[in-house]
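Chemist: Given next are the chains, with one letter for each unit.
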Amino acid sequence: MSGLELINFYVIPGLISGSIYALGAIGITLIFGILRYAHFAHGDMATLGAYVALGLVGSLALSPWVALPIAMAITALVAVVLDRVFYRHLETRPKILTVMASLGVALMLRSVVQVVWGVDPQVYSTGIVRAESYGGLMLRSRELITFATATGLVLFLMAFLRYTRWGKAMRAMSDNPELARLCGVNNEAVTRLTWVIAGALAAAAGFFLGINTELNTMMGWSALLAMFAAAILGGVGRVEGAVVGGLVIGLVEELSVLVLPSQYKMATAFVILILILLVRPQGIFKGKVL
Amino acid sequence: MNPVLVMHQVRGGYGDADILHGVSLTVNPKEIVVIVGPNGAGKSTAMKAVFGLVKIRDGAILFEGEEITGWKPDAIVRRGISYVPQVKNVFAEMTVHENLEMGAFLAKSVKAEAFERIYTLFPDLKAKRNALAGSLSGGQRQMVAMGRALMLNPRLLLLDEPTAGLSPKYMEQIFQICRDVRDTGVAILLVEQHAKQALAFCDRGYVLATGSNRHEGAGQELLNDPEIAQMFLGG
Ligand SMILES: Nc1ncnc2c1ncn2[C@@H]1O[C@H](COP(=O)(O)OP(=O)(O)O)[C@@H](O)[C@H]1O
Ligand SMILES: [Mg+2]
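As given, the protein sequences belong to chains A and B, one line each in that order.
If you read the first sequence in numbering that gives the first Met the number 0, its first letter stands for residue 0, the second for the next number, and so on.
If you read the second sequence in numbering that gives the first Met the number 0, its first letter stands for residue 0, the second for the next number, and so on.
Since the hints were derived computationally from the structure, they do not count as laboratory data.
Note that the coordinates shown come from a computational prediction; the quantities given were computed from them, not determined experimentally.
Beta carbons are placed, not taken as given, at the ideal position from N, Cα and C, and that holds for glycine.
Incorrect hints may have been included.
What the hints assert, rightly or not - Below, computed lysine-lysine pairings styled on DSSO-like, alpha-carbon distance capped at 30 Å:
{"hint": "1", "chain 1": "A", "residue 1": "K287", "chain 2": "B", "residue 2": "K168"}
{"hint": "2", "chain 1": "B", "residue 1": "K127", "chain 2": "A", "residue 2": "K285"}
{"hint": "3", "chain 1": "A", "residue 1": "K287", "chain 2": "B", "residue 2": "K29"}
{"hint": "4", "chain 1": "B", "residue 1": "K87", "chain 2": "A", "residue 2": "K285"}
{"hint": "5", "chain 1": "B", "residue 1": "K71", "chain 2": "B", "residue 2": "K54"}
Claimed, not checked - What the simulated footprint calls covered on chain B by chain A, stretch by stretch (three residues with Cβ under 8 Å from a Cβ of chain A suffice, anywhere in the stretch; the number is not a length):
{"hint": "6", "region": "84 to 90"}
{"hint": "7", "region": "95 to 101"}
{"hint": "8", "region": "189 to 197"}
Using the sequences plus the hints, can you model the full thing?
Modeler: Here it is as structure tokens:
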């Protein structure tokens with residue numbers, strides 16, 4: 000196999016799914032860092048976002064790319080409401096209760112999607128899109144847009160966290176919640192903001208998963224393990240870690256097919272997760288130890 | 000002149016049990032007041048009571064003549080009191096400069112002079128402004144914590160064991176900074192384990208034991224009292 004073939008058939012698909020995992024993992028890592036629990040409904044939140052975009056494409060005849068930002072906004076709002084209704088009143092209880100509640104929310108979100116949109120796989124648009132050659136690199140326009148948008152979203156978020164007053168408040172809350180409160184940071188506002196970001200990015204992850212393959216109601220749940228593995232691999236609470244973790248998991252999954260039977264592809268994320276927990280539980284970027 | 004802070008017969012604690020059994024103390028303008036006493040005496044609790052972090056069941060706390068008993072910490076910060084906890088008092092994963100910015104979080108916009116004022120007070124920090132607070136030495140971290148607390152120009156600064164675990168050299172430096180801060184018009188109430196050194200450097204002191212006042216007076220007066228020396232200062 001030539002180098003170009005390796006890139007076209009393994010590295011590019013790996014980077015695509017890696018970017019998608021990264022978008023999901025960022026939300027998981029922010030929620031873990033700031034709210035201190037594992038959010039198991041994150042995959043299904045991504046599914047919801049993907050189907051909301053599908054609904055907009057179907058009912059308003061929007062281009063999928065126009066539907067994306069609207070779906071992100073709607074899912075962000077849903078995330079804030081879910082937190083209000085299902086998680087917030089558990090705030091002072093042991094975190095494991097919220098984790099369990101999030102499993103329930105995951106089932107509930109999936110059922111809603113199944114009731115509204117049915118259980119058959121769907122697509123945003125029919126027809127085959129051919130890849131174009133860029134000096135031997137075979138890329139579809141949707142793949143380029145996936146990369147570009149994911150990169151843009153990540154850079155935007157990083158700049159927000161680094162330079163803005165509320166971005167710093169989020170980091171402060173993740174770093175030292177007691178002291179953040181002593182500085183007058185409003186816990187509720189930071190929580191709401193965290194859900195807006197996590198919900199919007201989850202929707203983007205679901206959308207990109209849908210547009211690069213197809214939509215089905217299990218898509219988010221199936222990607223959840225890889226997203227968690229990415230968050231933990233990168234270091235819990237670290238946005239840059241979630242990005243690197245996502246790309247590594249995406250690449251390893253695709254490349255594993257070279258040496259393992261392809262039915263083991265899904266298991267590679269699990270193996271990486273176990274290895275990182277054994278060898279370096281704080282992750283690549285030295286995040287919080289679970 | 001009116002006292003900056005008056006704690007009058009404060010009784011309270013964290014849960015249902017009382018930790019403080021009627022603690023009273025006063026801080027006057029431009030004063031450095033120290034609380035000493037054995038471990039578990041309730042020194043930190045007394046300080047947290049001022050800052051609204053303890054359930055107060057009886058008594059009153061007045062700041063500049065206004066009763067602040069039961070206020071929330073952020074309202075107390077706005078009113079003009081800052082607090083540096085004993086442990087975990089910096090944002091370890093944020094830079095020194097960002098720590099100072101967080102100190103001014105309630106101000107929404109901060110003038111460059113506010114940072115300059117802190118960097119003048121703590122020249123060591125200026126060179127380290129872009130370093131992560133968690134990477135600094137214990138003494139420098141304490142300076143970050145104090146700098147953060149001073150960003151909003153408080154009129155009363157509460158310091159819980161600012162010299163714990165520091166070398167004598169750093170202890171002297173922190174005490175000197177306290178004097179400099181006081182000279183800018185800020186009253187200081189601090190808890191100290193290094194009781195002898197602290198009593199020698201403060202204006203007035205209180206000895207607390209089992210949640211109650213035991214002794215009070217000018218620092219030197221307390222140091223010279225043989226009973227206190229024997230009971231609380233290790234002879
Ligand atoms: N957050 C807390 N919750 C419950 N009890 C506490 C808490 N902090 C301190 N205590 C108890 O209050 C008492 C006084 O503690 P503290 O004020 O920290 O003493 P000191 O600072 O004088 O060493 C101790 O018996 C301690 O166990
Ligand atoms: Mg103490």
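Chemist: Indicate, hint by hint, whether the structure satisfies it.
Modeler: For each hint, the structure was consulted:
For the hint pairing K287/A with K168/B, the CA-to-CA distance comes to about 34 Å; that exceeds 30 Å, so the pair is violated. With a C-alpha separation of about 22 Å, the suggested pair K127/B and K285/A falls inside the 30 Å cut-off, and the hint holds. The hinted pair formed by K287/A and K29/B fails the criterion: a straight-line CA distance of about 42 Å is larger than 30 Å. Distance check on the hinted pair: K87/B and K285/A sit about 18 Å apart at the alpha-carbon level, within 30 Å; holds.
For the hint linking K71/B to K54/B, the alpha-carbon distance of about 11 Å falls within 30 Å, and the restraint holds. By the rule of at least three residues with a Cβ nearer than 8 Å to a Cβ of chain A, the coverage given for the region 84 to 90 of chain B holds, with 5 such residues. Requiring three or more residues with a Cβ within less than 8 Å of a Cβ of chain A, the coverage given for the region 95 to 101 of chain B holds, as 3 such residues are present. Evaluation of the coverage hint for the region 189 to 197 of chain B: breached, as 0 residues show C-beta separations to chain A shorter than 8 Å, against a requirement of three.
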